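Knowing the structure of chain A, use the given hints to seat chain B on it.
So the protein lines, in turn, are chains A and B.
Just so we're aligned, residue 1 is where the first sequence starts under the numbering used here, counting upward by one.
Just so we're aligned, residue 1 is where the second sequence starts under the numbering used here, counting upward by one.
Hints should not be assumed to be uniformly reliable.
Said to hold, decoys possible - Some chain A residues well away from chain B (every beta-carbon gap over 12 Å; in silico):
| hint | residue |
| --- | --- |
| 1 | Val13 |
| 2 | Gln14 |
| 3 | Glu15 |
| 4 | Ser26 |
| 5 | Ala29 |
| 6 | Leu65 |
| 7 | Asn67 |
| 8 | Lys68 |
| 9 | Ser74 |
| 10 | Ala78 |
| 11 | Ala79 |
| 12 | Pro82 |
| 13 | Ile114 |
Stated by the list, open to error - When the alpha-carbon atoms are kept at most 30 Å apart in a straight line, the in silico BS3-like pairs for lysine-lysine are as follows:
| hint | chain 1 | residue 1 | chain 2 | residue 2 |
| --- | --- | --- | --- | --- |
| 14 | A | Lys42 | B | Lys57 |
| 15 | B | Lys14 | A | Lys42 |
| 16 | A | Lys108 | A | Lys56 |
| 17 | A | Lys68 | B | Lys57 |
| 18 | A | Lys71 | A | Lys56 |
| 19 | A | Lys71 | A | Lys42 |
| 20 | A | Lys71 | B | Lys57 |
| 21 | B | Lys14 | B | Lys57 |
| 22 | B | Lys11 | A | Lys108 |
| 23 | B | Lys71 | A | Lys42 |
| 24 | A | Lys71 | A | Lys108 |
| 25 | B | Lys11 | A | Lys42 |
| 26 | A | Lys56 | A | Lys68 |
| 27 | B | Lys57 | B | Lys71 |
| 28 | B | Lys57 | A | Lys108 |
| 29 | B | Lys71 | B | Lys11 |
Said to hold, decoys possible - Among chain B residues calculated to face chain A with C-beta under 7 Å, some are:
| hint | residue |
| --- | --- |
| 30 | Phe45 |
| 31 | Pro100 |
| 32 | Gln105 |
| 33 | Gly106 |
FYI, nobody ran anything at the bench for these hints, they're computed from the structure.
Keep in mind the model is a prediction, meaning the values are calculated, not measured.
Glycine residues also receive a C-beta, built at the ideal position from the N, C-alpha and C atoms.
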Amino acid sequence: GESVGLHLPTLSVQEGDNSIINCAYSNSASDYFIWYKQESGKGPQFIIDIRSNMDKRQGQRVTVLLNKTVKHLSLQIAATQPGDSAVYFCAENWAYSGGGADGLTFGKGTHLIIQP
Amino acid sequence: DTGVSQDPRHKITKRGQNVTFRCDPISEHNRLYWYRQTLGQGPEFLTYFQNEAQLEKSRLLSDRFSAERPKGSFSTLEIQRTEQGDSAMYLCASSLGGGPAFFGQGTRLTVV
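Chain A on its own, in the form it takes in the complex (with noise of 0.2 Å):
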């Protein structure tokens, strides 16, 4: 089954607004998440990531959350622009599961649409 995968598929928000993107996944042996952006016709963008020993890392107006117990994640942006309309993806690199390959699980995404 889908290891990694998003609640919402589309989020609109208005310019300036925060915005909160939410990812489940469910192999709890996993121990390091990426987040990416992606614009039409384009490859997926890092953004940022976190391995299982932090709780929360920020870097220039985003900020991700990584709750293990209930095995969620999620992305804030702040201060949304119009360049943050985007799909954003998070990831599961499960080389540090135990796995003995290394790789990136993805969910579908989610759709970030911002309003003027």
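Using the frame of chain A, we list chain B on its own:
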């Protein structure tokens, strides 16, 4: 541009033809990955190299697919006897050790 480079960006081919895609990773990255992405879905893992060694292949990678990374630098992905179901975006990514994977812009394959 020092990012991951993929060539070609677009490829249209007739069913039954062979196609080959190239990926040039970020120069110091020792790991290279191939993914496939269809419309509305997240990328799916196909295969992974550490230097020149191919360490893992997904069950998605049928025997019509072959990937190489002969000198541990660029990689090629070949699809033989293409089928319409092979139409997708083929993404290459690279990473340094266990760090994050950085993706190229992809090669969009259309099989007609």
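The hints, checked one at a time:
1. Val13: The assertion about A:Val13 holds, with a minimum of 21 Å to chain B.
2. Gln14: Answer for A:Gln14: holds, closest chain B Cβ roughly 25 Å.
3. Glu15: holds (25 Å)
4. Ser26: holds (15 Å)
5. Ala29: holds (15 Å)
6. Leu65: holds (18 Å)
7. Asn67: holds (21 Å)
8. Lys68: holds (19 Å)
9. Ser74: Nearest chain B Cβ is 17 Å from A:Ser74, so the label holds.
10. Ala78: holds (21 Å)
11. Ala79: Since the minimum Cβ distance to chain B is about 24 Å, A:Ala79 lies beyond 12 Å and the statement holds.
12. Pro82: holds (21 Å)
13. Ile114: Its Cβ never comes within 12 Å of chain B, the nearest being 20 Å, so this holds.
14. A:Lys42 <-> B:Lys57: holds (24 Å)
15. B:Lys14 <-> A:Lys42: Roughly 24 Å between the alpha carbons, so the hint for B:Lys14 and A:Lys42 holds.
16. A:Lys108 <-> A:Lys56: holds (23 Å)
17. A:Lys68 <-> B:Lys57: Between A:Lys68 and B:Lys57 the Cα gap is close to 29 Å, so the pair holds against 30 Å.
18. A:Lys71 <-> A:Lys56: Holds: A:Lys71 and A:Lys56 sit about 14 Å apart, inside 30 Å.
19. A:Lys71 <-> A:Lys42: Measuring from Cα to Cα gives roughly 29 Å; hence the hint holds.
20. A:Lys71 <-> B:Lys57: holds (27 Å)
21. B:Lys14 <-> B:Lys57: holds (26 Å)
22. B:Lys11 <-> A:Lys108: holds (25 Å)
23. B:Lys71 <-> A:Lys42: Holds - the C-alpha atoms of A:Lys42 and B:Lys71 are around 27 Å apart, at most 30 Å.
24. A:Lys71 <-> A:Lys108: holds (17 Å)
25. B:Lys11 <-> A:Lys42: Holds: B:Lys11 and A:Lys42 sit about 15 Å apart, inside 30 Å.
26. A:Lys56 <-> A:Lys68: Since the Cα atoms of A:Lys56 and A:Lys68 sit roughly 11 Å apart, the hinted pair holds (cutoff 30 Å).
27. B:Lys57 <-> B:Lys71: Within the cut-off at roughly 19 Å; holds.
28. B:Lys57 <-> A:Lys108: holds (21 Å)
29. B:Lys71 <-> B:Lys11: Given pair B:Lys71, B:Lys11 holds - Cα atoms ~25 Å apart, limit 30 Å.
30. Phe45: With a minimum Cβ separation of about 4 Å from chain A (threshold 7 Å), the hint on B:Phe45 holds.
31. Pro100: Holds, about 5 Å.
32. Gln105: holds (5 Å)
33. Gly106: It holds, given that the least Cβ distance between B:Gly106 and chain A is near 5 Å, below 7 Å.
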